[in-house]
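**Student:** Using the hints provided, position chain Y relative to the given structure of chain W.
Same order as they appear, the protein sequences are chains W and Y. Residue numbers for the first sequence follow numbering that gives the first Met the number 0, so the first one is 0 and each next one is one higher. Residue numbers for the second sequence follow numbering that gives the first Met the number 0, so the first one is 0 and each next one is one higher.
Given that identical chains are not distinguished, each listed pair holds provided it fits within a single copy or across any two copies.
Derived lysine-lysine pairs resembling PhoX-like cross-links, with alpha carbons at most 20 angstroms apart:
(1) LYS343 x LYS84
(2) LYS84 x LYS335
(3) LYS9 x LYS217
If you're looking for bench data, these hints aren't it; they were derived computationally from the structure.
The primary structure of each chain is shown beneath.
There are 2 protein chains.
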Amino acid sequence: MKQRKPISFKIEKKMAGLGRAGILITPHGEIKTPAFVTVGTKATVKALTPEMVSALGAQVVLANTYHLYLEPGDEIVRDAGGFGKFMNWHGPTMTDSGGFQVFSLGVAFGSKVGKLSKVPQGENEEAFVVEEQSGRLAKIDEGGVTFKSYKDGSEHRFTPERSMEIQHNLGADMIFAFDECTSPAAPYEYQKEAMERTHRWAQRSLDAHHANDEVSSKQGLLGVVQGGRHRELREESARVLGAMDFDGYGIGGSFDKDDMTTAVGWVNAILPEEKPRHLLGIGEPEDLFGAVENGCDLFDCVAPTRTGRNGTLHTRDGKINMRNAQFVRDFTVVDKECDCYTCKNYTRAYLAHLFRSDEMLAGTLGSIHNLRFLVSLSEKMREAILSGTFEILKEEFLERYRKTVER
Amino acid sequence: MKQRKPISFKIEKKMAGLGRAGILITPHGEIKTPAFVTVGTKATVKALTPEMVSALGAQVVLANTYHLYLEPGDEIVRDAGGFGKFMNWHGPTMTDSGGFQVFSLGVAFGSKVGKLSKVPQGENEEAFVVEEQSGRLAKIDEGGVTFKSYKDGSEHRFTPERSMEIQHNLGADMIFAFDECTSPAAPYEYQKEAMERTHRWAQRSLDAHHANDEVSSKQGLLGVVQGGRHRELREESARVLGAMDFDGYGIGGSFDKDDMTTAVGWVNAILPEEKPRHLLGIGEPEDLFGAVENGCDLFDCVAPTRTGRNGTLHTRDGKINMRNAQFVRDFTVVDKECDCYTCKNYTRAYLAHLFRSDEMLAGTLGSIHNLRFLVSLSEKMREAILSGTFEILKEEFLERYRKTVER
Chain W
0 MKQRKPISFK
10 IEKKMAGLGR
20 AGILITPHGE
30 IKTPAFVTVG
40 TKATVKALTP
50 EMVSALGAQV
60 VLANTYHLYL
70 EPGDEIVRDA
80 GGFGKFMNWH
90 GPTMTDSGGF
100 QVFSLGVAFG
110 SKVGKLSKVP
120 QGENEEAFVV
130 EEQSGRLAKI
140 DEGGVTFKSY
150 KDGSEHRFTP
160 ERSMEIQHNL
170 GADMIFAFDE
180 CTSPAAPYEY
190 QKEAMERTHR
200 WAQRSLDAHH
210 ANDEVSSKQG
220 LLGVVQGGRH
230 RELREESARV
240 LGAMDFDGYG
250 IGGSFDKDDM
260 TTAVGWVNAI
270 LPEEKPRHLL
280 GIGEPEDLFG
290 AVENGCDLFD
300 CVAPTRTGRN
310 GTLHTRDGKI
320 NMRNAQFVRD
330 FTVVDKECDC
340 YTCKNYTRAY
350 LAHLFRSDEM
360 LAGTLGSIHN
370 LRFLVSLSEK
380 MREAILSGTF
390 EILKEEFLER
400 YRKTVER
Chain Y
0 MKQRKPISFK
10 IEKKMAGLGR
20 AGILITPHGE
30 IKTPAFVTVG
40 TKATVKALTP
50 EMVSALGAQV
60 VLANTYHLYL
70 EPGDEIVRDA
80 GGFGKFMNWH
90 GPTMTDSGGF
100 QVFSLGVAFG
110 SKVGKLSKVP
120 QGENEEAFVV
130 EEQSGRLAKI
140 DEGGVTFKSY
150 KDGSEHRFTP
160 ERSMEIQHNL
170 GADMIFAFDE
180 CTSPAAPYEY
190 QKEAMERTHR
200 WAQRSLDAHH
210 ANDEVSSKQG
220 LLGVVQGGRH
230 RELREESARV
240 LGAMDFDGYG
250 IGGSFDKDDM
260 TTAVGWVNAI
270 LPEEKPRHLL
280 GIGEPEDLFG
290 AVENGCDLFD
300 CVAPTRTGRN
310 GTLHTRDGKI
320 NMRNAQFVRD
330 FTVVDKECDC
340 YTCKNYTRAY
350 LAHLFRSDEM
360 LAGTLGSIHN
370 LRFLVSLSEK
380 MREAILSGTF
390 EILKEEFLER
400 YRKTVER
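Extracted from the complex, chain W is given alone in its bound form (with noise of 0.2 angstroms):
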């Protein structure tokens, strides 16, 4: 008999080219597509209670594997209930694999290993390369990845097969096969080995999730292909990847940030349609819209919540920081086309005195509002594929948003 599928998709309207609204169904409840994940590293999306994030029209939480099998435990959030029931959010939630925090923070190779960061250039890449893949933080082999703790430096390993156990635990209505995250820095020849490497343990991911009938009938797995910034890499695994059960896919790892939405179209053109696809690490309103314009219908990122936390705000004019002397006497909202909790009940003049003054309802104040950008401009997207008003919509917002540079 065959097992009914924890999730399903089913694709309300297409755009010419890719792009598609849609709609996910979950076993904790439905998420409209293209949907803005928000992040909640250690089972709470800091600064936040699951009712601000519910109420800024949040529909899906993401919690880090690696964060929450160090801090406290994920056999503390499996006697907890999961981690959705933990933290006393009772939406859809997901969990990535772990992979991206034990090569970035594992291996210290810190702001180079952002997926969409610039990265450097010259005659010592290949050294520098080396030097991360040897790194003393982590060690890759065929089987797994044995890291030290960034917390205290205590040695563990991370496997696919350990990585689904993990994920089991933590509970999530969607998680992500264990997959090898490569520095954009590697070169060629590293990221066809590690991209296949990511491919058998994409397997063994799915031998172990499928393993447990109980589980895997209740969490969702989605396959992440890597591929580095190479078109026929990130192909053959689309391909790949595509060819194997997966309920959904992650697009992960290193791109140039120019040529993201590039490489986001030559993946989703070959991934099966009817799955649901989530981009992740992605969090700046044009990278939203090549994300959707390309076939991604989700998307997370900790950016909204950390600039949040330290006054640099998005508004429909671009982002301002509100430590800057200029909001001190500004009586006027955030962004009065904003309809966030922030905006309707606070100044400028308010929000520059609690990040002056270093008062923690800042950290609240400026990551309800950055959410509710990001959530917003998904819902607006999404509306724009039902009416077939998407490329007015995204013409008209990237135009003001960039006219305006960070003041």
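**Tutor:** Frame of chain W, contents of chain Y only:
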């Protein structure tokens, strides 16, 4: 024509002795007393939205004149429509006089000025006092106090007139006369001298307040009784200030903690019965019982939010520290008899995780719980006064609360 009073107080029921339950009517609504006043130092109750403050049953927020004067400045708060509107709190508001912070932060004698803290005793007492009173950061003369900012060392001066002007700008429903808050270590002669100066400042505060009809019809002014630990000074202060035309009274300054409730009784036996009384800086359950049975209607303290942010939470059975290892796998709630948002939605294990991870939500959930604990206790005391069962409540509550030392 006699001006309409900005606040009025109605006693609903008196206990044997000095205690009473009442209703205090302010321009922004009623306060049912006894009531715990929530502290919102810089026009924000740290880590909480005003909706959270309201939902936990808090009726009134007190902001600090000293802090708001320095940051963002009282004129900005005035232009924002007063601190209540600035922070999106629509209920009753208070500001203190700025005196306590000028003396405690200005002279930098730190915790030693804590109103109820133990004082150093012995042969160095007088030298210690002299050092404080000649401290580099604050200088007292008959006109007022010159002090340096704790933030940047810049020089400022508060006088009774200036305190009134600032508090008019801050716009609270109830404000306090400018007073000198002495160290508990100061000798009798100095306490007497400071008290007499405080009485002259009280009259000047009244004069400055009533010179402005527009504000004095909207903001009630409370005089602050001083006199240190000495019965004759406390009684004299209550007599002198009680004869002045204040809308209510604060009881400030230094006591011995053990004798605090006795000293409050001396004062309240003399103060006009029909006016509300606020005991400044009290927040421990034991002290609330002592304050209420000795005739206080209001009390405020930063302790519940400060300790709540650090993980020390009240329970019916004493305080517990959520960082302790015993709570890591404890899936019960903080206090099963508590009706707060935190106890309704989160386990001790989740709180332990948040505190150990230094997540911002920890401070929010801890503050909500501790504030609700004290607000709820105030509500219970009020009900007990109304139903004539205060003594039973006090005995039962304190027996359980004291049985367990902090874990």
